[in-house]
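Sequences listed follow chains C and H, in order. Heads up: the first sequence at position 132 corresponds to 132 in the working numbering, and the numbers run straight through without jumps. Heads up: the second sequence at position 76 corresponds to 76 in the working numbering, and the numbers run straight through without jumps.
Incorrect hints may have been included.
Note that identical chains are pooled: a pair holds if it fits in a single copy or bridges any two copies.
No more than 25 Å apart at the CA atoms, straight line, and that leaves these computed lysine-lysine pairs for PhoX-like [claimed, not checked]:
id: 1; residue 1: Lys24; residue 2: Lys161
id: 2; residue 1: Lys161; residue 2: Lys42
id: 3; residue 1: Lys24; residue 2: Lys152
id: 4; residue 1: Lys298; residue 2: Lys97
id: 5; residue 1: Lys159; residue 2: Lys24
Hint data in this document are derived by calculation from the structure and do not stem from the laboratory.
There are 2 protein chains.
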Amino acid sequence: MAFDRLIENIISKQNPTVAGLDPKLDYVPASIKNACFAEYGKTLEGAAEALLRFNTAIIDQIHDIVPAIKPQAAYYEMYGWQGVRALAQTIAYAKDKGMFVITDGKRNDIGTTMEAYATAHLGTTDVAGEAVDAFGADALTVNGYLGSDGIKPLLNVCKAKDKGIFVLVKTSNPSSGELQDLQLTDGVSVYEQMGRMCESWGAELPGKFGYSGVGAVVGATYPGQLAEMREKAPHTFFLVPGYGAQGGGANDAKNAFDKNGLGAVINSSRGIMCAWKKQGLTEDDFAVAARNEAIRMKEDILSVIGEIKD
Amino acid sequence: MAFDRLIENIISKQNPTVAGLDPKLDYVPASIKNACFAEYGKTLEGAAEALLRFNTAIIDQIHDIVPAIKPQAAYYEMYGWQGVRALAQTIAYAKDKGMFVITDGKRNDIGTTMEAYATAHLGTTDVAGEAVDAFGADALTVNGYLGSDGIKPLLNVCKAKDKGIFVLVKTSNPSSGELQDLQLTDGVSVYEQMGRMCESWGAELPGKFGYSGVGAVVGATYPGQLAEMREKAPHTFFLVPGYGAQGGGANDAKNAFDKNGLGAVINSSRGIMCAWKKQGLTEDDFAVAARNEAIRMKEDILSVIGEIKD
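Isolated chain C, as found in the complex:
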């Protein structure tokens, strides 16, 4: 089961974090951008090549200490199909370096269409008998608003191809409660109901560490709900955004973990990508700074959860 692979990687590296690769062109050093624009012009192709070089430099620096990356699809789509090509190249590069890849796409649709998304991001596309990985991530974030038949096609692909999904439960943004915190007549909130659905869907994808292949996104910016959901969804592995730039700290993120330090992976995006700004380094040192920050973040979280054991 895919999250077994992620958890093994977390234990062996003693690092329950994921590096979010959400590269805006503004984050890329002028030296890289100028080289790419000189080669491809000030075009989407030039921009996409700059993002790819930025990403691979970071992956080179962190792949031995960070178990996973989480590229955010939106930042690649912003640079057109050329940006989406850079996403595919980033995924392939990270997998080749042994990293677990979570594509953050928050995809959702009705059953037949969800099959297409599952094939695109986790499965294998059939081209007249040739089997091709279109994007080939290890896991995908999804939105469960459409209910079971928007999720079931993913479970089939996850089973067949050893992949996982993370369903949005309680998101990290300020207005997440507008819908997610509303109380239903049976006494649970909308986000808790979504957590129940994750536990139910996950029963089809059991894992050897007690966590299923259906994870949940729960933000570090809501530590109370994080603790609540850790208790109420004991088989659901959490992807936790909101650490760092969004305001969550290690003591908030701590609530995502079980007593063995398992059960969650904490994301940092801007904190990793823009780390040079806080370290008195130049922008050309962005990749080394990302490594420094990855080490600092790992130690910060381990200082509150202790050694990670299976």
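Could you slot chain H onto chain C? The hints should help.
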């Protein structure tokens, strides 16, 4: 306001429908596929070129009688970045022929990331001072599970660039009720709450026909809820899936319209793309068959709603 343009197009063509372009490779005639595979091999590139030729042939046949297309992002992503390039090319081709383009991506994320999606699909990407349309659709479908700060960045782009969004309210799939139909403690359902949020967000984007730039997706497969939401969300324009292959008929879709025959656009995807199968034609006649079906569908819907007036 973007939906004013769509509504004008609907009135002038007397056709409140949108052609869903969700092309699976299986739908594309062997003659087109073989030509593309001969040129590009059995690759994602060959597959993507086949989808593009299929789409442009349909657009050539229907652009004078159908006001809009709705390409579904999943079916392009399934063919990798090459497929996503075919999506961009399809959007550009349809716009060039005067059609209104709704990209069906059901995108959703927190504020900063939603800005990136808004820029990608509706806005203009800044590449070192050069302004480039990454995908350039007229409207995008989105999922409101994250609340206002996942929607507000879209409203800014919609205002600046004359674009619109459709928010998922009550989807057409069998399990849509698992979350959407649950009752909240204040007596409304989750989907009705989402409809209220659409009315609220839409107040920022008023339109001259009484419909705002924030539309809603409400399925024809739930005609009761469609009638309910038409009444409760009077300023919200509806994108209605579920007609045809999913089981909804003209009498179901009728509930989406106001007394002037305005207020909604009805989608058909497989019904249009695979029309040749029901018309005793060969697969090479798929584009002419799509036109025949577009005319039949328009007449079917007009027969229950009457003339469309402003």
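Status of each hint after checking the structure:
no. : hint           : result
1   : Lys24 / Lys161 : between (31 Å within a copy, 21 Å between copies)
2   : Lys161 / Lys42 : between (39 Å within a copy, 22 Å between copies)
3   : Lys24 / Lys152 : between (33 Å within a copy, 20 Å between copies)
4   : Lys298 / Lys97 : within (20 Å within a copy, 54 Å between copies)
5   : Lys159 / Lys24 : between (34 Å within a copy, 23 Å between copies)
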